[in-house]
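Taking my numbering, the leading residue of the sequence shown gets 4, the next gets one more, and so forth.
These are computed hints drawn from the structure, not numbers from a lab.
Check the hints yourself; a few may be wrong.
[As the list claims (entries may be wrong)] Calculated cross-link-like contacts (lysine-lysine; reagent style DSBU-like; alpha-carbon spacing at most 30 Å):
hint	residue 1	residue 2
1	185	148
2	190	204
3	186	204
4	15	185
5	190	178
6	15	178
7	185	129
8	29	148
9	148	178
10	211	190
11	211	148
12	201	211
[What the hints assert, rightly or not] Ranges between beta-carbon positions, derived for each pair:
hint	residue 1	residue 2	range
13	33	178	42 to 52 Å
14	11	123	34 to 44 Å
15	87	133	27 to 37 Å
All C-beta atoms in this analysis are idealised placements derived from N, C-alpha and C, irrespective of residue type, glycine included.
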Amino acid sequence: ATESEANFISVKGPEIFSKWVGESEKAIREIFRKARQVAPCVIFFDEIDALVPMRGMGIGDSMVTERVVSQLLTEMSGIERLEGVVVIGATNRPDMLDPALLRPGRLDRLIFVPPPSLEERLEILKIHTRDMPLDNDVNLYEIAKITEGFSGADLELICREAGLSALRENINIEKVSMRHFKKALEKIRPSITSDMIKYYKEWGERIKLVQSKKILTPFYT
4 ATESEANFIS
14 VKGPEIFSKW
24 VGESEKAIRE
34 IFRKARQVAP
44 CVIFFDEIDA
54 LVPMRGMGIG
64 DSMVTERVVS
74 QLLTEMSGIE
84 RLEGVVVIGA
94 TNRPDMLDPA
104 LLRPGRLDRL
114 IFVPPPSLEE
124 RLEILKIHTR
134 DMPLDNDVNL
144 YEIAKITEGF
154 SGADLELICR
164 EAGLSALREN
174 INIEKVSMRH
184 FKKALEKIRP
194 SITSDMIKYY
204 KEWGERIKLV
214 QSKKILTPFY
224 T
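Just need the whole structure built from these sequences, with the hints factored in.
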(Lines of atoms letter the chains of each structure in order from A; the text may use other names.)
(Lines give C-alpha, C1' and ligand atoms only; values in the text may rest on other atoms or scores of the structure.)
Protein backbone atom coordinates (compact mmCIF):
# COMPACT_ATOMS: atom_id res chain seq x y z
CA ALA A 4 0.00 0.00 0.00
CA THR A 5 2.84 2.40 0.84
CA GLU A 6 4.69 1.74 -2.41
CA SER A 7 1.54 2.30 -4.47
CA GLU A 8 0.57 5.35 -2.37
CA ALA A 9 -2.76 3.71 -1.59
CA ASN A 10 -4.70 3.86 1.65
CA PHE A 11 -4.76 0.76 3.82
CA ILE A 12 -7.58 -0.72 5.90
CA SER A 13 -6.70 -3.69 8.11
CA VAL A 14 -9.47 -5.93 9.45
CA LYS A 15 -9.24 -8.97 11.72
CA GLY A 16 -11.88 -11.48 10.67
CA PRO A 17 -13.27 -12.38 14.13
CA GLU A 18 -13.72 -8.68 15.03
CA ILE A 19 -16.50 -8.30 12.45
CA PHE A 20 -18.99 -10.54 14.22
CA SER A 21 -21.53 -8.94 16.56
CA LYS A 22 -24.24 -10.41 18.78
CA TRP A 23 -26.69 -7.82 17.42
CA VAL A 24 -28.71 -8.77 14.35
CA GLY A 25 -27.48 -7.06 11.20
CA GLU A 26 -24.44 -5.40 12.82
CA SER A 27 -21.92 -7.80 11.26
CA GLU A 28 -23.22 -7.19 7.73
CA LYS A 29 -23.30 -3.46 8.45
CA ALA A 30 -19.64 -3.59 9.48
CA ILE A 31 -18.75 -5.19 6.13
CA ARG A 32 -20.68 -2.54 4.20
CA GLU A 33 -19.00 0.23 6.20
CA ILE A 34 -15.51 -1.12 5.47
CA PHE A 35 -16.14 -1.13 1.73
CA ARG A 36 -17.87 2.26 1.86
CA LYS A 37 -14.80 3.80 3.49
CA ALA A 38 -12.52 2.05 0.99
CA ARG A 39 -14.47 3.48 -1.96
CA GLN A 40 -14.33 6.95 -0.44
CA VAL A 41 -10.54 6.94 -0.05
CA ALA A 42 -9.67 4.89 -3.17
CA PRO A 43 -7.12 3.82 -4.19
CA CYS A 44 -7.29 1.60 -1.16
CA VAL A 45 -6.17 -1.86 -0.01
CA ILE A 46 -8.46 -3.82 2.33
CA PHE A 47 -6.58 -6.52 4.22
CA PHE A 48 -8.60 -9.22 5.99
CA ASP A 49 -6.49 -11.13 8.50
CA GLU A 50 -7.79 -14.57 9.54
CA ILE A 51 -10.30 -14.38 6.70
CA ASP A 52 -11.25 -18.03 7.28
CA ALA A 53 -13.05 -16.89 10.46
CA LEU A 54 -15.00 -14.34 8.44
CA VAL A 55 -15.83 -16.38 5.33
CA PRO A 56 -15.95 -20.06 6.33
CA MET A 57 -17.54 -22.60 4.04
CA ARG A 58 -21.31 -22.25 4.29
CA GLY A 59 -23.34 -25.22 5.38
CA MET A 60 -20.60 -26.48 7.72
CA GLY A 61 -22.44 -25.48 10.90
CA ILE A 62 -19.59 -23.29 12.14
CA GLY A 63 -20.65 -20.87 14.89
CA ASP A 64 -23.97 -19.10 14.33
CA SER A 65 -24.65 -20.44 10.83
CA MET A 66 -27.30 -17.83 9.98
CA VAL A 67 -25.04 -14.90 10.90
CA THR A 68 -22.09 -16.50 9.14
CA GLU A 69 -24.03 -17.03 5.92
CA ARG A 70 -25.27 -13.44 5.93
CA VAL A 71 -21.74 -12.13 6.44
CA VAL A 72 -20.38 -14.33 3.65
CA SER A 73 -23.15 -13.19 1.31
CA GLN A 74 -22.55 -9.53 2.20
CA LEU A 75 -18.82 -9.79 1.55
CA LEU A 76 -19.35 -11.53 -1.80
CA THR A 77 -21.88 -8.87 -2.77
CA GLU A 78 -19.45 -6.07 -1.92
CA MET A 79 -16.67 -7.70 -3.92
CA SER A 80 -18.61 -8.50 -7.08
CA GLY A 81 -22.07 -6.99 -6.77
CA ILE A 82 -23.85 -4.36 -8.84
CA GLU A 83 -21.80 -1.48 -7.43
CA ARG A 84 -18.38 -1.51 -9.06
CA LEU A 85 -15.34 -1.79 -6.82
CA GLU A 86 -12.94 0.58 -8.57
CA GLY A 87 -9.57 1.40 -7.08
CA VAL A 88 -10.04 -1.06 -4.21
CA VAL A 89 -7.91 -4.19 -3.81
CA VAL A 90 -9.00 -6.91 -1.39
CA ILE A 91 -6.39 -9.18 0.19
CA GLY A 92 -7.01 -11.99 2.67
CA ALA A 93 -4.61 -13.99 4.83
CA THR A 94 -5.33 -17.42 6.26
CA ASN A 95 -3.57 -20.53 7.48
CA ARG A 96 -6.71 -22.59 6.88
CA PRO A 97 -7.46 -22.16 3.15
CA ASP A 98 -9.49 -25.37 3.17
CA MET A 99 -12.05 -23.68 5.44
CA LEU A 100 -12.81 -20.84 3.02
CA ASP A 101 -16.14 -20.71 1.22
CA PRO A 102 -15.39 -21.80 -2.39
CA ALA A 103 -17.41 -18.89 -3.80
CA LEU A 104 -14.76 -16.53 -2.41
CA LEU A 105 -12.16 -18.06 -4.73
CA ARG A 106 -14.12 -17.51 -7.93
CA PRO A 107 -12.75 -15.21 -10.66
CA GLY A 108 -13.20 -11.55 -9.81
CA ARG A 109 -12.98 -12.17 -6.08
CA LEU A 110 -9.93 -13.65 -4.33
CA ASP A 111 -8.76 -15.45 -7.44
CA ARG A 112 -4.99 -14.99 -6.98
CA LEU A 113 -3.53 -17.48 -4.52
CA ILE A 114 -0.09 -16.70 -3.09
CA PHE A 115 1.73 -19.17 -0.89
CA VAL A 116 3.90 -17.37 1.67
CA PRO A 117 6.74 -19.74 2.61
CA PRO A 118 8.56 -19.73 5.95
CA PRO A 119 11.19 -16.98 6.24
CA SER A 120 14.52 -17.65 4.57
CA LEU A 121 17.87 -17.37 6.37
CA GLU A 122 18.22 -13.69 5.42
CA GLU A 123 14.62 -12.98 6.42
CA ARG A 124 15.04 -14.74 9.77
CA LEU A 125 18.11 -12.61 10.44
CA GLU A 126 16.17 -9.42 9.72
CA ILE A 127 13.29 -10.56 11.94
CA LEU A 128 15.73 -11.25 14.79
CA LYS A 129 17.29 -7.81 14.32
CA ILE A 130 13.86 -6.19 14.57
CA HIS A 131 12.91 -7.99 17.77
CA THR A 132 16.28 -7.36 19.46
CA ARG A 133 16.53 -3.74 18.35
CA ASP A 134 15.68 -2.40 21.81
CA MET A 135 17.26 -5.30 23.69
CA PRO A 136 20.72 -4.80 25.28
CA LEU A 137 22.76 -7.66 23.79
CA ASP A 138 26.07 -8.99 25.04
CA ASN A 139 29.00 -9.15 22.63
CA ASP A 140 28.73 -12.94 22.35
CA VAL A 141 25.24 -12.82 20.78
CA ASN A 142 25.45 -13.91 17.14
CA LEU A 143 22.09 -13.33 15.45
CA TYR A 144 23.34 -14.91 12.22
CA GLU A 145 24.07 -18.18 14.04
CA ILE A 146 20.62 -18.09 15.62
CA ALA A 147 19.08 -17.48 12.20
CA LYS A 148 20.95 -20.48 10.78
CA ILE A 149 19.60 -22.92 13.36
CA THR A 150 16.00 -21.70 13.25
CA GLU A 151 14.92 -23.07 9.88
CA GLY A 152 11.18 -23.73 9.94
CA PHE A 153 10.51 -21.07 12.56
CA SER A 154 7.88 -18.49 11.72
CA GLY A 155 8.19 -14.78 12.43
CA ALA A 156 6.05 -15.27 15.54
CA ASP A 157 8.31 -18.13 16.68
CA LEU A 158 11.38 -15.91 16.33
CA GLU A 159 9.71 -13.12 18.27
CA LEU A 160 8.92 -15.61 21.03
CA ILE A 161 12.57 -16.75 21.12
CA CYS A 162 13.74 -13.17 21.64
CA ARG A 163 11.14 -12.57 24.34
CA GLU A 164 11.98 -15.84 26.11
CA ALA A 165 15.71 -15.02 25.96
CA GLY A 166 15.02 -11.72 27.69
CA LEU A 167 12.90 -13.41 30.36
CA SER A 168 15.59 -16.05 30.86
CA ALA A 169 18.12 -13.30 31.52
CA LEU A 170 15.82 -11.65 34.07
CA ARG A 171 15.13 -14.97 35.81
CA GLU A 172 18.88 -15.45 36.13
CA ASN A 173 19.43 -12.01 37.61
CA ILE A 174 16.79 -9.32 37.94
CA ASN A 175 19.53 -6.68 37.71
CA ILE A 176 21.22 -8.15 34.64
CA GLU A 177 22.31 -5.55 32.12
CA LYS A 178 22.62 -7.58 28.92
CA VAL A 179 21.13 -10.63 27.25
CA SER A 180 23.76 -13.20 26.33
CA MET A 181 23.95 -16.03 23.82
CA ARG A 182 23.32 -18.57 26.59
CA HIS A 183 19.91 -17.02 27.17
CA PHE A 184 19.01 -17.49 23.51
CA LYS A 185 20.20 -21.11 23.70
CA LYS A 186 17.94 -21.69 26.70
CA ALA A 187 15.04 -20.19 24.78
CA LEU A 188 15.75 -22.47 21.82
CA GLU A 189 15.60 -25.50 24.12
CA LYS A 190 12.01 -24.58 25.03
CA ILE A 191 10.62 -23.29 21.74
CA ARG A 192 10.08 -25.55 18.75
CA PRO A 193 9.24 -24.49 15.18
CA SER A 194 5.52 -24.21 14.50
CA ILE A 195 5.94 -24.96 10.77
CA THR A 196 6.49 -28.56 9.69
CA SER A 197 7.42 -29.99 6.30
CA ASP A 198 4.01 -31.69 6.17
CA MET A 199 2.29 -28.34 6.60
CA ILE A 200 4.31 -26.76 3.79
CA LYS A 201 3.55 -29.72 1.53
CA TYR A 202 -0.17 -29.49 2.33
CA TYR A 203 -0.41 -25.77 1.55
CA LYS A 204 1.48 -26.15 -1.72
CA GLU A 205 -0.67 -29.08 -2.85
CA TRP A 206 -3.88 -27.28 -1.87
CA GLY A 207 -2.86 -24.20 -3.83
CA GLU A 208 -1.99 -26.21 -6.93
CA ARG A 209 -5.25 -28.14 -6.71
CA ILE A 210 -7.36 -24.97 -6.49
CA LYS A 211 -5.46 -23.36 -9.37
CA LEU A 212 -6.12 -26.45 -11.49
CA VAL A 213 -9.81 -26.39 -10.64
CA GLN A 214 -10.03 -22.68 -11.46
CA SER A 215 -8.22 -23.12 -14.77
CA LYS A 216 -10.69 -25.83 -15.79
CA LYS A 217 -13.61 -23.71 -14.58
CA ILE A 218 -15.10 -26.57 -12.61
CA LEU A 219 -15.26 -24.86 -9.24
CA THR A 220 -18.87 -25.62 -8.31
CA PRO A 221 -19.68 -24.81 -4.66
CA PHE A 222 -23.14 -25.09 -3.20
CA TYR A 223 -23.47 -21.31 -3.13
CA THR A 224 -22.45 -18.50 -5.47
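Results for each hint:
| no. | hint | verdict |
| --- | --- | --- |
| 1 | 185 x 148 | 13 Å, holds |
| 2 | 190 x 204 | 29 Å, holds |
| 3 | 186 x 204 | 33 Å, violated |
| 4 | 15 x 185 | 34 Å, violated |
| 5 | 190 x 178 | 20 Å, holds |
| 6 | 15 x 178 | 36 Å, violated |
| 7 | 185 x 129 | 17 Å, holds |
| 8 | 29 x 148 | 47 Å, violated |
| 9 | 148 x 178 | 22 Å, holds |
| 10 | 211 x 190 | 39 Å, violated |
| 11 | 211 x 148 | 33 Å, violated |
| 12 | 201 x 211 | 16 Å, holds |
| 13 | 33 x 178: 42 to 52 Å | 48 Å, holds |
| 14 | 11 x 123: 34 to 44 Å | 22 Å, violated |
| 15 | 87 x 133: 27 to 37 Å | 36 Å, holds |
The structure fails hints 3, 4, 6, 8, 10, 11, 14 (numbered hints given earlier, in ascending order).
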